[in-house]
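We have chain A; now place chain B onto it with these hints.
These are the residues of each chain, in order.
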Amino acid sequence: MSTLEIKGLHVEIEGKEILKGVDLTLNTNEIHAVMGPNGTGKSTLASAIMGHPKYEVTAGTVTLDGEDVLEMEVDERAQAGLFLAMQYPSEISGVTNADFLRSAINAKREEGEEISLMKFIRELDSKMEVLEMDPDMAQRYLNEGFSGGEKKRNEILQLMMLKPKFAILDEIDSGLDIDALKVVSKGVNEMRGEGFGCLIITHYQRLLNYITPDKVHVMMQGRVVKSGGPELAQKLEAEGYDWVKEELGIEDETVGQEA
Amino acid sequence: MTVETKLALTGEDVRSYSEANMEPAWLSDKRQKAHALAETLALPKPDKTKIQNWNFTEFPVHTVKDEPLTGLAELPQEARALVDIENQQNIYVQRNNTPAYTKISEELKEQGVIITDIFTAAREYPELVEKHFMTEAVKVDEHKLTALHAALMNGGVFVYVPKGVEVKEPVQVLFLHDSEEASLFNHVLVVAEDNSSLTYVENYLSLVPGSKGLANIISEVIAKDGARVDYGAVDVLSEGFTSYINRRGIAGRDTVIEWSLGMMNDCDSIYENVTHLVGNGSRSEAKSVLVGRGRQKQNITTKIIHWGMDSEGHILQHGVMKDEASTIFNGIGKIEHGATRSNAEQESRVLMLSEKARGDANPILLIDEDDVTAGHAASVGRVDELQLYYLMSRGIAKAEAERLIVRGFLAPVVTQLPIEGVKKQLTEVIERKVR
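Residue numbers (the UniProt record's numbering), protein chains in the order written: chain A, 1 to 259; chain B, 1 to 435.
Honestly, the hints are just simulated from the structure, not real lab data. Take these hints with a grain of salt, some might be off.
[To be verified] If the Cβ cut is set under 10 Å, some of the chain B residues that face chain A in the computed set are:
| no. | residue |
| --- | --- |
| 1 | 225 |
| 2 | 381 |
| 3 | 384 |
| 4 | 392 |
[To be verified] Heads up, simulated DSSO-like pairs for lysine-lysine below, C-alpha to C-alpha not over 27 Å straight-line:
| no. | chain 1 | residue 1 | chain 2 | residue 2 |
| --- | --- | --- | --- | --- |
| 5 | B | 109 | B | 131 |
| 6 | B | 322 | A | 54 |
| 7 | A | 119 | B | 424 |
| 8 | A | 108 | B | 424 |
Virtual Cβ for every residue (Gly too), placed ideally from N, Cα, C.
Chain A on its own, in the form it takes in the complex (with noise of 0.2 Å):
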């Protein structure tokens, strides 16, 4: 089993405090969510365990079975373990998305030890009908031009390919009409199990629909505030968030920023 570590941690962008002492421990085999209303810090938490560039990290810990991540440069998050579907997902010109994918995968491997392309081509081929994927995008240039729900199912897409240990998935949701959310639940479901955790970030209760998670943390001001089983993220469902907010003594939840 890993497990993935984050503690009292801070994080400021531009100057600007966003995480104000996280807490949250994620094992493999599970599958935890992240709700909160807008502005809380959720995309914050998700891009300063990846090292956003732009996210400085001021106190705390990240640790992946007790290896310190923030240490890391953000490859060597990758080749640790660590993976995260973007919202917002660059777009490359020129470089195609399977040859994007099989340098991915093979970076994780030794030289004289890539996967061969036959083998690379029939795994690929798989996923994307897991994915429901026009066998087409292989050979587009990666993320040009696609759709907000193409970019969704390619970032899935990638993280059935690399098969990290820990996969963080940023909004993976929004977006999506229903029929697209479901492809990218069985894409995750898939993944599901031994030596895989998941910590999915989310605004919506309806994509735990269709992956259950083991745990619900709810954020605000820049902090876990509360955490539960399912039927917590049922709750904020039924009743949004105004009852936590009360029972916390929290008029304003956001951290003074979209993030």
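Here is chain B on its own, set in the frame of chain A:
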């Protein structure tokens, strides 16, 4: 003020060269006039690059002599990689200044297609060559370098496609440079008659690391009504050359000229790529990619001039600059009065890989007609931080991520080249140059 330049070759030298080549009188006369003009005409003025002190006139020898090849298998290793030796049907190889090998399929011969070195062409097809050689696309008296070119021409190829003939297999041309002393004054003349089509791919390849010579190269593409010419080129000339490379096209009615140019020289270079969209409904895509490294200075002007109505021109220039290299990218879309409903688009992007490199993108639109559309985009910048982050977040190391981004950035020309060996070579040259 006119400054007389004393040229390395006298008019008499040029005359004896013409005689030795058994050139027809029209050509040798044209050279004599050109020689006189070259002494007095001024250098061209590429925008934002001062070339007064560049050497365009001094060179060790006018021609070097080499043995022709008996077959493609004799090509040096590096050149052989460019050619599908078994299957390449139509090819011209020139070694320094010597026509070394020519092959043309029986089928094309029967259809009247001509592929031959420029001197043989001048002797055997005088009416065709005289009509088009430096009469329309490029004129002898434009400036010192065009005049010098005509006076000193010492190589090149003539490709002719008769009316209605579609040349399905690409015509491949290799200009090999393997002598430090050699200078290249090559002239490429491509004539595509009405409703014909041609894909032409040329390589300039230096097989020696240095040069003491000059490259003054002109290509003319005359594409008549309804014709289509796809012109691909990869230039890899070594350090030490001073190069002037001018590729021009003239498009007739409903004619298409597409350029895919990989500018990979390691020497100081002035590039000009101009297309005249003369006929109504003519189109051109002019794509160039360039890598500058070391202390290389380059200037590239891509220009499409719209004369015909409903003409469509797209310019794409992508450049990568590293070390202390400096390049000016001029993109010019010009719409003449009367070219109604024409569209001039251009995109110039420069990627800077070093603090000390310099890259300027100058998009220019000159429009003398009301009913037209036009647009341009230009940017100069570093590798995008978020693109790097994205690739690295998948486990790809920073250097490899940068390499992928650069490769993608220069892909627009690579993907257009129709010969697998040439495509692969350009990819490899790019990797080598940006490493």
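A quick look at each hint next to the structure:
no., hint, in the structure
1, 225, "violated, 35 Å"
2, 381, "violated, 14 Å"
3, 384, "holds, 7 Å"
4, 392, "holds, 4 Å"
5, B:109 <-> B:131, "holds, 21 Å"
6, B:322 <-> A:54, "holds, 26 Å"
7, A:119 <-> B:424, "holds, 24 Å"
8, A:108 <-> B:424, "holds, 26 Å"
Hint compliance for this structure: hints 1, 2 are not met, and every other hint is.
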